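Once you have looked at the hints, place chains B and C on chain A.
Chains as they are written, first to last, in this note's numbering: chain A, 34 to 327; chain B, 950 to 1105; chain C, 14 to 780.
Worth flagging that the hints you see were computed from the coordinates, not collected in a lab.
Being a predicted model, the structure only gives us computed values, none of them experimental.
Think of the CB as a built atom: it goes at the ideal place given N, C-alpha and C, for glycine as much as any other residue.
Only true hints are included.
According to the in silico footprint, chain C covers these stretches of chain A (three or more CB under 8 Å from chain C): (1) 216–227; (2) 306–312.
Sample of chain C residues with no beta-carbon within 10 Å of chain B, all distances over it, derived: (3) 114; (4) 280; (5) 437; (6) 525.
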Amino acid sequence: MLYRALHPISYLEAKTVSEASEICFSYNGTASLLAGGCSLIPLMKNGALKPQVLVNLATIDGLKYIEGSRSEGLRIGALATLRDAEKSLAVQTDFPSLFDSITQIASVQVKNMGTIVGNITEGTPASDVAAMLIALGAKLKIISPGGTQMVPLDSFYVHVRKTILRPGDIIEEIIIPPRSEGTYTAFLNLCKTKEDPAKVNVGMLVRIAEGVCAEARIAVGAVAPVIVRARKAEGMLQGKKITPALIEDVAAAVRDDEGVRPITDIRSTAEYRHEMVEVLARRALTKIQQKAVH
Amino acid sequence: MQKIPALFIVNGDKYELLIDPHALLVEVLRDELGFHGVHESCGEGDCGACTVLVDGLAVLSCITLAASVRGKSIVTIEGLAKGADLNTLQRAFVTHHAVQCGYCTPGMILSAKHLIDENPHPTREGIKKGLAGNLCRCTGYNKIIEAVLAAAKGGE
Amino acid sequence: MEQTLRVVGKRLPNKENFDKVQGRADYCATITLPGMLVGKLLPSPHAHARVIRVDTSRSEQLSGVKAVISKKDDPRKVFTWNIMTFQLPEGELQDMYLFDDIVRYPGEPIAAVAAINEEIARQALALIEVEYEVLPAVFNIDDAVKSNASLVHETAQNNIVFPTSPIFCYGDVEKDFAESDVIVEGVFSTSKQSQAGLENAGSVAEYKNGRLTVWSQTQLPHLAKRMIAKALDIPEGMVRVIQPFAGTGFGAGTDLCTELFAGLLSMKTGAPVKILLTRNEDLRMRWTREHIVKIEMKLGVKKDGTPLALKAKYTGDGGAYAGKIVSGCAVSLASNITEYEFKSMYQEIEAFYTNHVACGAMRGFGGMQSSFPRETLVDEACEKINMDPIEFRKKYHRGVGGLGWFPGTEITSCGLDECLRVGAEKVGWKEKWQGWGSKKKGIRRRGVGLAAMGWLSGAQPMLLEHTNATLKFNCDGTCTLIVSPGNLGMGAIGSHCQIAAEVLGIDLEDIHAPFTQDTDITAFDIGTHASRGCFCIGRAVFKAAQQAREIFFNRAAKKLKVPVDRIDMKNKRFFLKDDPENSQKWFSFEEICQDAIYSFGHDCQQVVSHASVEPTEFAPPWQAGFAEVEVDTETGVVDVLKMIIVHDIGKAINPNFVEGQLEGGQLQGIGFALFEDMMINQENGTILTDSFNKHKIACMLDCPDHEALLVELGDPTGPFGAKSCGEAGIFLQAPAIANAIYDAVGVRLRDVPMTPERVLAALKNGL
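Looking at chain A on its own, in the form it has when it is part of the complex (with noise of 0.2 Å):
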């Protein structure tokens, strides 16, 4: 034995969904889940994590589900993998956005390997998957053994990497509301590779029920410690037939929601990434409008 990149931790495999919450609130923080391993591993590598011990999820059967369709919602187990969800005929029909969202990630590996609740729970606000998923309106399932409790995504996140979960807290599935006919999404995003994580993205989702806008939800990416859903641009939507005029209008409302903060880093800078949101937001929602006259 000559490398070993990570520190010594014990190793623990869970039969069930409260037999993982059960061990992981009796170790009260110093254990963390095990699912794919595309976040974890490397964080505790760099140094980020050092848990002492790991409880790994993927020995529970059943958890590896993806069910429904438009119409009844979706629900995505634990163990659902990125892959899973996009060779899954619901996804791909009922919910072309967040096939979109998936399927632009480059690495055939991570999506082999990587959970959606994985991908969603590590907390970065330049999660597509996660963005795109607050647009569906989804909520979490989640476990402990103080009982079971839904959670809006949008809720979710407290700061980058951050969410609410304590310690014995696990998300066992994630819903999709069920959608009525007239609903439309959108997923875009930049990227400065297309391996990298977004610069920026925006998930959109508008319910049109005669003629004009019955409900719309905006969510932005990494421009934010968390992911932002811009209510004040959803508002102005609500009621109104989607114009050409509304949409520029709308669009640089999104840009300017007081949630809206990005910052200059290795990938992109703040007025670049403001920018975006509007020229994202406007195409996101002229994509939008053209599915629905369509």
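Chains B and C only, in chain A's frame:
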């Protein structure tokens, strides 16, 4: 920390080991089982150099906990040739000069194998998408795409 | 030379690839020796500090630790990681010690440990106590030259590595500018690109029986050997450098990195020691591309395009050690000389120290920084005189006999016109270029642009380009070819075998060449850099093969009892020219080889043919690059729709290998042009892009439709007319794309990488 008794099935052969809980799959395959064809570069899952197949799927051995793949069927680059006979992909990579320094090659070929096993008739775009998780600095990718296209057609 | 070639020119497989596709190739990263220890380096957390005290006592006492080295173990012999210094008569500045009293960049190693495994090595590092006196640091040239700036090296006033100096000037530029009808000028910047080969920096050293063997990723084994001996203060004969397959290169191997630390640890422990850096450490410690931060260039032309004057100043940021920053600037300047028939030229270089990791070399050394400003300014000049940019290149490039680069060098061949013709057709120039001032419409606008360049094959006469080849013949008609390029898998050795086979009249299967380079076995050779593998080493191979052929012809003639001019050789058989079908009067090549060793007629010899050459000619490979882009004017994203570069490489010894080199260079050039950059925290100097997660190189989805096309018009000096191809692929993407962006959206970019942020800013400012 307690070592874990582990059965590794690599290239069809069974290996009984006692491994550290914190051992990574690349470390076990390379250092303990001697599969030097399993390469490591970035160590964080961004380059694909460490790709192996686990139950037929291309995965990154540098961020896979060895204990988590006990009992699964693992294929490394060493498992493709039959004795001295290279498999179709390997021959195509040689014929089409899809190899220069060769450091990314084992991972690249295994990803290509996964791609073709799933989709026997990939397009150029499909190949680019299927191999996007494997970085190569030497070739500029053109000849890798040609090699995979040729291998998919069954020839070289 | 018109002849039917049997082996040269064929797309034969590279024999070393059979091992590589089976995972059987050995790299420094995969070599494991019995009793091998894991070595690790302790990096400085500070960009600039005095090392007051290093206490390794607790570290040495940790069970499993076999040696800890630091300041106290430094042989105090000044040296440099830049092993190419030996190629210059006066050398390049040597300003390093193994563990100096001062650290000069974040991450500089100040100690090293060897332990029985990685975990213990990590614990050992944590037990080393270091007391630093933190010193002020400088992270850019403007700060470095201030009168009160902290000095990176106490002996270098104002942090000057090389004072502003003119080089290779001729004519009177001021007079010629005064006579120019049009003058264009600009200030450009280029990036600190990282070679980023997939194999992390690493080496293995074994001190045994009084000799130190170092397995290294070096591209220049014999020069590495010399520097290792110098730095460790041991006789050169005590050092043996072995280069196994290397999974990195592109210039990274022209400097040492971990070798000296591994070597000293092995000498202290008597055991083999491997030091393999993580990707993070590699990106922080490997010397990068020559970082030319600023290029000021001015061109003057007449209204018919006649190039009158070129004036330029190259400013290099050398980082913590002089490295290759001076030669990088000098090559860049010299490369400007090759391309056009400027009546006068005045160029200067200057270089400075800062507290960054130093500069070595990367593929296209100096050529990137010459082609980008020059070819974009030429484009500007063409617009001002309303001249077709292709016509300008055709009319005013230098030709055969023209000035090469250094004074006294002459161009041996030039196929640029053909490259321009082929490239223009392939990209659809006639249909797509709408002339100067054409305004495109829409949010997404397309444009085309071109650039041209003449490079070099070997860096003579600037650098020593001494090279050797040996052919050793077995009794069965096969032979071993021993050459010493640093083998990076580019196909140089395969090409050499094809050259030898062609000259000897045998088959590729009959030639075996060890791919691992061992300085105990190979004759002195400069190694791989400056695009010399085929041209320079190839000529030594050609000569060795010719000499061997002569020996065999003489032996065959003797056996046939005729004068040698009466025999010929074909299909591996010696026969009488005037009686070719006479089976009593021929011998196979195999028989002659067997006879050489086993003739019991007392004229045995082991036929070994050795040739040593030192090429002096200047044989530039020329290229014409054409880019078609689509610019999204709202996002600044530049989509490269087509990247076509046509190369006049004289002769492709093996077209697969040549294309492989040129296509590989394409993506590195596109990265240089559009997104590759090393980002540094300007407050503490730490490299922010220290992983592949943050430092992006192209993946397959970033790969545009790109082609490297070959034009083979020969060259009178190269082996079978071949010129180089190792670097030619990387030069023209940045200028051609910049010119295409201008055609698309009317803005000129002068800084690479041309990121969407920069493109958008330029669009807003209407540059």
